[in-house]
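Trainee: Given next are the chains, with one letter for each unit.
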Amino acid sequence: MPYKHRIARRAAQEIEAGQIINLGIGIPNLIMDYLPPGQQVFVHAENGIWGMGPRAKAGQEDPDLIDAGAAYTTVVPGAAFFDSLMSFAIIRSGRIDVAFLGALEIAQNGDLANWIIPGKMTPGIGGGMELAQKARKVVVLTTHVAKSGQPKIVKNCSLPLTAPACVALIITDLAVIEVTAEGLWLRELAEGVTVAEVVAKTGAPLQVPSDALPRF
Amino acid sequence: MPYKHRIARRAAQEIEAGQIINLGIGIPNLIMDYLPPGQQVFVHAENGIWGMGPRAKAGQEDPDLIDAGAAYTTVVPGAAFFDSLMSFAIIRSGRIDVAFLGALEIAQNGDLANWIIPGKMTPGIGGGMELAQKARKVVVLTTHVAKSGQPKIVKNCSLPLTAPACVALIITDLAVIEVTAEGLWLRELAEGVTVAEVVAKTGAPLQVPSDALPRF
Amino acid sequence: MGNSKIFSVGDACRSIVDGATILVGGFGQPGTPNSLLRQLLAQGTKQLTLVKNDASEPGLGISPLIEAGRVDRLIASHVGLNPLAVAQMNEGRLKIDIFPQGILAEKIRAGGAGLGGILTDIGLHLGSSLVAQLVEVDGISYKIEPALRGNVALIHAERADEMGNLVFAKTAYNFNPVMAMAADLVIVETAEIVPPGAIDPDHVHLPGAFVDRLVLIEEFGPEYGVLKHHALQT
Amino acid sequence: MGNSKIFSVGDACRSIVDGATILVGGFGQPGTPNSLLRQLLAQGTKQLTLVKNDASEPGLGISPLIEAGRVDRLIASHVGLNPLAVAQMNEGRLKIDIFPQGILAEKIRAGGAGLGGILTDIGLHLGSSLVAQLVEVDGISYKIEPALRGNVALIHAERADEMGNLVFAKTAYNFNPVMAMAADLVIVETAEIVPPGAIDPDHVHLPGAFVDRLVLIEEFGPEYGVLKHHALQT
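Protein chains in written order, with our numbering: chain R, 1 to 216; chain D, 1 to 216; chain H, 1 to 234; chain F, 1 to 234.
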């Protein structure tokens, strides 16, 4: 299974029946394929959907129906459309139970940086800052290290923050790491990965339980 | 013709085709009976109507369709319903062309007091403060004097203001008076009323043109 | 359905505690959640702060709660149609805070939209008499009106689907959506609960994201009908 | 009809002057007023400040105006899908101001709702880097985000009636209503103009009170259709 799908499949386990979730662009969007069938989950999209369904099949696209990443999508029965004001009122008032976001850097205290590399990448903020700051739980889905090989999980972020101390859980191609008041805890390992590899590729102190770790 | 209807009939002449108007409770509401037929006027009601029609006939009331004064009403073809937020966004953003309001006191500079008599009458503000402050033109419809016999048009209001310097025109049972940068000008007289009577019952300097005044 | 939102009126309202701040939909009678308010009266909840556009009329809407002495404070824009509320205020038994109608709606919306408040020039001439903080932006003075939220919102909708998506009817729309946006627990009474998909997603007035509990109205008393004293007399 | 709101695209847009601030609906392509933007390009209007959620994609939406050098400033929340806009920014030819998406919407709504601005805690950790004024309410710090208005709004609606009441389709809803609320002149392109009464008053998304001019879309170019690069490949 490609690592992106492994991450998405594991991330789907963080969702409880009846919750409202928001999926960022990229790996988070793949979670749609792993939502537990028959369990009611409400997917919110910033561009004005509550009750988003899977991506539209080829030939069945509706030009007026896209997700927040501009891909053609669908809705489930009982969906609602609304304007951008209502969409972000849902976000900022704390009605999103879990937001799944990407990351450039995550600090050991849960600080998240994912919106700008000054002088290099300036895509804009979009809805990420409000999601990171106001969702009840923020789960970051990312590769464990950057393309340069540098750890993405660090003691302190060097980039401007999206939101401070917002991340609760980090799911990478190598591990599941929980952000706690006592620092980072290794909770699970991807198939074929060792504790030593995760520790080596993590740029902040990582606490490891003495028990055997579950695999995902 | 009862004086209230005379005032309302005269007030209707202040409305131009295509305008959006708002009618306060009482005499202003009677304007509905004098809207020029065939001329498109959009009546806004604070409780969420754009395109209000005449009051509902007996036996044809809809429990979900009232005006801002709680009377059962109707809508014209092309009406829209909306919530209180949208209703007041229309008002405060200046989209009401003419608001017709009642008054307790009007000062010579256009100050309006109509929402409270401290220690005596406290009905609340309702939508009046926003209408008075934000409508493009405010026309006051009122009896010329209070029940006590005291003039309602005064040099300075003694009551807390609804909005300062907001009134453009005053239509009473006796006269039509314009509020200008140079003070109050008598513009029209009700049938059977003399200039002397209007001047006597007005508590602020009233300028009278030398030409014969129209009757209404 | 995983977690059903459909409750009996008793189960829906039981968790409302004494001292709660309750946001109530309605402008006059249309959109007023009469059945939920009746339940609140029956279960004896007291020391309430109510937030509603108006004080209702004697015997209707929130007035029975006021008449029974269950309301300590009312935040509203207009109370002129309820002399009983005004009398309690004059006797010092009921505290009433009055805001301009649209500003009241905006304060609540700010709470419901996760904002700290709004800046407005409405009523600026009254100075600090409404306990407002002033601020200057680009040389213009504004009042700061802080956001307002409630523990509970009581809402009346024409129709709901099982997801909690709501549709309001005509002028029964009014304060209902904004009240629902700004409360921790949102309880909706409605005339009809339909299956998911029965409401066109483009016709939803308030998405179910804001709705926690749905109650089917069991008894449409006269307070839901035409009130003769507001009708033209033949 | 006393004053018809129906205009040709040329007559509707002719009064837009150089240097205007223009609020543009749309999130990606859905809801983007392509025909009105094409007219703006054709008539040569320049030195524009555009306010739109995103910078569109090359060749689409507002991008042709940017590519032609007609835009001095763009206020948006996201420009990542338009490398041409980013390149102009890096070359110093286009000034881009970025706000969090929902805060951008709220700034515009404040302008459209006659408010001076809003208080928000979003991005508070960035301090004054977004040139914001700070204020404390009940011991909590907020940024003041001043209201934003435009001279003109360009809107795309699915359907309009002759009164200007608008209905939006699915995710083409997005920023359209808020942009229409906050401009002095509101021009709407739509696929269909129906007689008064043909739209149920309970289904209107934006009341005609905010709409000045209606333009019937004459030519539905490929930019209104399915964009292959955003579709799943079979």
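Careful, some of the hints might be misleading.
Stated by the list, open to error - Mimicking SDA-like on lysine to any residue, the simulated pairs with C-alpha atoms at most 20 Å apart in a straight line are: (1) R/K137 <-> H/D184; (2) R/K57 <-> F/D97; (3) H/K228 <-> D/N109; (4) D/K57 <-> H/Q233; (5) F/K228 <-> R/G26; (6) R/K120 <-> F/L126; (7) R/K120 <-> F/A87; (8) H/K95 <-> D/G59; (9) F/K95 <-> R/T122; (10) H/K228 <-> D/R55; (11) R/K4 <-> R/A146; (12) F/K95 <-> R/P123; (13) D/K120 <-> H/K228; (14) R/K120 <-> F/L81; (15) R/K137 <-> F/G92; (16) R/K120 <-> F/L227; (17) D/K201 <-> D/K120; (18) R/K57 <-> F/A87; (19) R/K4 <-> F/G92; (20) R/K120 <-> F/V135; (21) R/K120 <-> F/V86.
Stated by the list, open to error - Sample of chain H residues at the chain F side, in silico, Cβ under 8 Å: (22) L126; (23) I144; (24) D202.
Read the hints as simulated data drawn from the structure, not as lab findings. Since we're looking at a predicted model, the values are computed, not measured. For every residue, glycine included, the Cβ atom is placed at its ideal position computed from N, Cα and C.
Trainee: Hints first: check each against the structure and report whether it holds.
Mentor: Each hint tested on the structure:
1. R/K137 <-> H/D184: 17 Å, holds
2. R/K57 <-> F/D97: 36 Å, violated
3. H/K228 <-> D/N109: 42 Å, violated
4. D/K57 <-> H/Q233: Holds: D/K57 and H/Q233 sit about 9 Å apart, inside 20 Å.
5. F/K228 <-> R/G26: Answer holds: F/K228 to R/G26 is near 18 Å, not above 20 Å.
6. R/K120 <-> F/L126: Holds, at about 19 Å.
7. R/K120 <-> F/A87: OK: R/K120 and F/A87 at ~11 Å, within 20 Å.
8. H/K95 <-> D/G59: 39 Å, violated
9. F/K95 <-> R/T122: Given pair F/K95, R/T122 holds - Cα atoms ~13 Å apart, limit 20 Å.
10. H/K228 <-> D/R55: 14 Å, holds
11. R/K4 <-> R/A146: At roughly 14 Å apart (the allowed maximum being 20 Å), R/A146 and R/K4 satisfy the hint.
12. F/K95 <-> R/P123: 14 Å, holds
13. D/K120 <-> H/K228: Cα-Cα ~29 Å, so violated.
14. R/K120 <-> F/L81: 15 Å, holds
15. R/K137 <-> F/G92: Violated: R/K137 and F/G92 sit about 39 Å apart, past 20 Å.
16. R/K120 <-> F/L227: 28 Å, violated
17. D/K201 <-> D/K120: 24 Å, violated
18. R/K57 <-> F/A87: 34 Å, violated
19. R/K4 <-> F/G92: Violated: R/K4 and F/G92 sit about 37 Å apart, past 20 Å.
20. R/K120 <-> F/V135: Distance ~32 Å between R/K120 and F/V135 Cα, so the pair is violated.
21. R/K120 <-> F/V86: Given pair R/K120, F/V86 holds - Cα atoms ~10 Å apart, limit 20 Å.
22. L126: 16 Å, violated
23. I144: Status holds, d = 6 Å.
24. D202: Since the shortest Cβ distance to chain F is 7 Å, the answer is holds.
The structure does not agree with the numbered hints 2, 3, 8, 13, 15, 16, 17, 18, 19, 20, 22 stated previously, though it agrees with the rest.
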